[in-house]
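As given, the protein sequences belong to chains A and B, one line each in that order. The working numbering puts the first residue of the first sequence at 240, with every later residue one more than the last. The working numbering puts the first residue of the second sequence at 240, with every later residue one more than the last.
Just so you know, these hints were derived from the structure itself, not from any lab. Given the structure is predicted, the values throughout are model-derived calculations rather than measurements. Hints are not guaranteed to be accurate.
Note that the list lumps identical chains together, so a pair holds whenever it fits in one copy or between two copies.
To be verified - In silico BS3-like cross-links for lysine-lysine, where the CA-CA straight-line distance does not exceed 25 Å:
#1 Lys267 x Lys321
#2 Lys319 x Lys272
#3 Lys321 x Lys272
#4 Lys267 x Lys319
Protein chains: 2
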Amino acid sequence: MDMTGIIGNIAALLTTFSFLPQAIKTIKTGDTKNLSLPMYILFVTGVIMWICYGVRNNQLPIIIGNVVTCLFASVILGYKIKDTFIRK
Amino acid sequence: MDMTGIIGNIAALLTTFSFLPQAIKTIKTGDTKNLSLPMYILFVTGVIMWICYGVRNNQLPIIIGNVVTCLFASVILGYKIKDTFIRK
Numbered sequence: 240m241d242m243t244g245i246i247g248n249i250a251a252l253l254t255t256f257s258f259l260p261q262a263i264k265t266i267k268t269g270d271t272k273n274l275s276l277p278m279y280i281l282f283v284t285g286v287i288m289w290i291c292y293g294v295r296n297n298q299l300p301i302i303i304g305n306v307v308t309c310l311f312a313s314v315i316l317g318y319k320i321k322d323t324f325i326r327k
Numbered sequence: 240m241d242m243t244g245i246i247g248n249i250a251a252l253l254t255t256f257s258f259l260p261q262a263i264k265t266i267k268t269g270d271t272k273n274l275s276l277p278m279y280i281l282f283v284t285g286v287i288m289w290i291c292y293g294v295r296n297n298q299l300p301i302i303i304g305n306v307v308t309c310l311f312a313s314v315i316l317g318y319k320i321k322d323t324f325i326r327k
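Isolated chain A, as found in the complex (with noise of 0.2 Å):
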């Protein structure tokens, strides 16, 4: 693997697993008062047009960033909706 390549992937590995203390936070507390609603919907929506912005070019580490990085995004959207839409 080339140094882009490398780079790449320690940049997916960061932004991807940086959602996982959010989501274990999240999951212990079940507090997500600070946590904004719109990000979640536009981050979640998003990711998944990178994933298939990913697959479209060809570039794995984007694809596989972004899969992970959904599963955890979309752990912390289901929080924070049945926070704001079932709790209240």
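Given chain A's structure and the hints, the job is docking chain B onto it.
For chain B alone, kept in the frame of chain A given last:
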């Protein structure tokens, strides 16, 4: 611009501007209790590496999207750091 370029630009717009409502909410409330510090440290670092990847691969949607994302996410990270280490 071909369809892949359009998808990449829409994806960049969505994931980039998703951080704007979170930044506004954080600035307005000043409350970052539910935000994860490790998330924003990892995320901002990763976004900087995505910028490097985009520059080396000459992909404008990745470069533009991540530069603006970096600005918004850095504001949130700044508030979180202030809230964690200065106010306590």
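Taking the hints in turn, this is what the structure says about them:
Within a single copy, Lys267 and Lys321 get their C-alpha atoms as close as 15 Å, and across copies as close as 23 Å, so both meet the 25 Å cut-off. Taking the shortest Cα distances, Lys319 and Lys272 sit within 25 Å of each other both inside one copy (8 Å) and across copies (15 Å). In this assembly of identical chains, Lys321 and Lys272 lie within 25 Å of each other by CA distance both inside one copy and across copies; the values are 11 Å within and 19 Å between. Taking identical chains as interchangeable, the C-alpha atoms of Lys267 and Lys319 lie at most 25 Å apart whether they share a chain (13 Å) or sit on different chains (19 Å).
Violated hints are absent here; each numbered hint is respected by the structure.
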